[in-house]
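> Listed below are the residues making up each chain.
4 protein chains.
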Amino acid sequence: MLVDKEKSELKQRLKKVSGQINGIDKMLDEGRYCVDILQQILAARAALNKVGLMILESHTRSCVVNAIKEDRTEQGIDELMNVIKQFNK
Amino acid sequence: MLVDKEKSELKQRLKKVSGQINGIDKMLDEGRYCVDILQQILAARAALNKVGLMILESHTRSCVVNAIKEDRTEQGIDELMNVIKQFNK
Amino acid sequence: MLVDKEKSELKQRLKKVSGQINGIDKMLDEGRYCVDILQQILAARAALNKVGLMILESHTRSCVVNAIKEDRTEQGIDELMNVIKQFNK
Amino acid sequence: MLVDKEKSELKQRLKKVSGQINGIDKMLDEGRYCVDILQQILAARAALNKVGLMILESHTRSCVVNAIKEDRTEQGIDELMNVIKQFNK
Numbered sequence: 001m002l003v004d005k006e007k008s009e010l011k012q013r014l015k016k017v018s019g020q021i022n023g024i025d026k027m028l029d030e031g032r033y034c035v036d037i038l039q040q041i042l043a044a045r046a047a048l049n050k051v052g053l054m055i056l057e058s059h060t061r062s063c064v065v066n067a068i069k070e071d072r073t074e075q076g077i078d079e080l081m082n083v084i085k086q087f088n089k
Numbered sequence: 001m002l003v004d005k006e007k008s009e010l011k012q013r014l015k016k017v018s019g020q021i022n023g024i025d026k027m028l029d030e031g032r033y034c035v036d037i038l039q040q041i042l043a044a045r046a047a048l049n050k051v052g053l054m055i056l057e058s059h060t061r062s063c064v065v066n067a068i069k070e071d072r073t074e075q076g077i078d079e080l081m082n083v084i085k086q087f088n089k
Numbered sequence: 001m002l003v004d005k006e007k008s009e010l011k012q013r014l015k016k017v018s019g020q021i022n023g024i025d026k027m028l029d030e031g032r033y034c035v036d037i038l039q040q041i042l043a044a045r046a047a048l049n050k051v052g053l054m055i056l057e058s059h060t061r062s063c064v065v066n067a068i069k070e071d072r073t074e075q076g077i078d079e080l081m082n083v084i085k086q087f088n089k
Numbered sequence: 001m002l003v004d005k006e007k008s009e010l011k012q013r014l015k016k017v018s019g020q021i022n023g024i025d026k027m028l029d030e031g032r033y034c035v036d037i038l039q040q041i042l043a044a045r046a047a048l049n050k051v052g053l054m055i056l057e058s059h060t061r062s063c064v065v066n067a068i069k070e071d072r073t074e075q076g077i078d079e080l081m082n083v084i085k086q087f088n089k
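Chains as they are written, first to last, in full-length UniProt numbering: chain A, 1 to 89; chain B, 1 to 89; chain C, 1 to 89; chain D, 1 to 89.
Watch out, some of these pointers could steer you wrong.
If you only want the chain B side, here are some residues facing chain D, beta carbon under 8 Å, derived [said to hold, decoys possible]:
hint, residue
1, V35
2, Q39
3, R61
4, I68
5, K69
6, I77
7, M81
If you are wondering where the hints come from, they were derived from the structure by calculation, not from laboratory data. Each residue gets a CB set at the ideal place from its N, CA and C atoms; glycine is no exception.
Full structure from sequences and hints, please.
Following this line, the structure appears as structure tokens:
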């Protein structure tokens, strides 16, 4: 469960990723050197990954903890492990 | 060196990633379940990674090959390996 | 906390990884083609990653759940998130 | 094509990875804490990845460059991109 403070930080980070994506699009239009474009893609990928890890952490500290405290442990951990494995691909 | 056909496909893919990012932002506003949001982030990350690999491939088939044919081999390969290592992080 | 059954499966998998590493060493001695050697390294890396995910899952289902049930939630989740972030590098 | 100097360094690094794998096996026998075992697995994974990147670099600087200089460009780049994509999984 994301609280408002977390949501606003995440929205800000997503806005930055959107800006990076637009910037990459412009670099394509300007015919910029491939390696320079790749650097921006790697930066956007890292920023997006960070957003994901922040949500994963918030989910773990709230929903997973609640699931365990409310004796829905197996379901909570199954779901968490599934996301962790996808993250690791 | 990206040719026009490559550029237009890449721009389309970037547009899709932008759409995914906007969608994730909306999911935050709607208070959607963390795991559902994470699935979308993983999808956007994979799509962005694909764009990166396409540019890396185009760069390798054009700029790196030219560098080797024009006897700028070391510079061309140094640059390529640097990007490959960053991709692998 | 790994139970015996988990330990024996993990030990078997580690034995296989060791065998793969020895195989790669032999391929180097035999002067095998780089790409063939790389395929074996990628296979060993995937096998090792799988062992890691199995231990991470067992840890989550036991130690982390116990930490939460024994009100050591923050410590248990801090530790888990730290490992997840390292896994994701 | 790996030269002898590269081979001996790679063999040394593989020996170290084997040692790490044996160490992990011992940690299982000793019932060590999961997170400590995971740290060792992540270290072995990183070491193995490094061996892979070293071979990929040597392959790129020798076999791929030769393929391009001997007008087998497409085959050389197809093979390289295939390995890069697998590395990125």
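> Have a go at the B/Q39 hint: is there a Cβ in chain D nearer than 8 Å to its own Cβ?
This hint is violated: B/Q39 lies away from chain D, its Cβ roughly 19 Å from the closest one there, beyond 8 Å.
> Does B/I77 meet its interface restraint, that is, does its C-beta lie within less than 8 Å of any C-beta in chain D?
5 Å, holds
> Given B/K69 was flagged as interface, is its beta-carbon under 8 Å from a beta-carbon of chain D?
7 Å, holds
> Just to be careful: measuring from the Cβ of B/R61 to every Cβ in chain D, is the smallest value less than 8 Å?
5 Å, holds
> Is the shortest C-beta separation between B/I68 and chain D less than 8 Å?
5 Å, holds
> Next item in the hint list is B/V35. Is there a CB on chain D closer than 8 Å to its CB?
Violated, about 23 Å.
> Given B/M81 was flagged as interface, is its beta-carbon under 8 Å from a beta-carbon of chain D?
5 Å, holds
Comparing the model with each numbered hint stated earlier shows that hints 1 and 2 do not hold.
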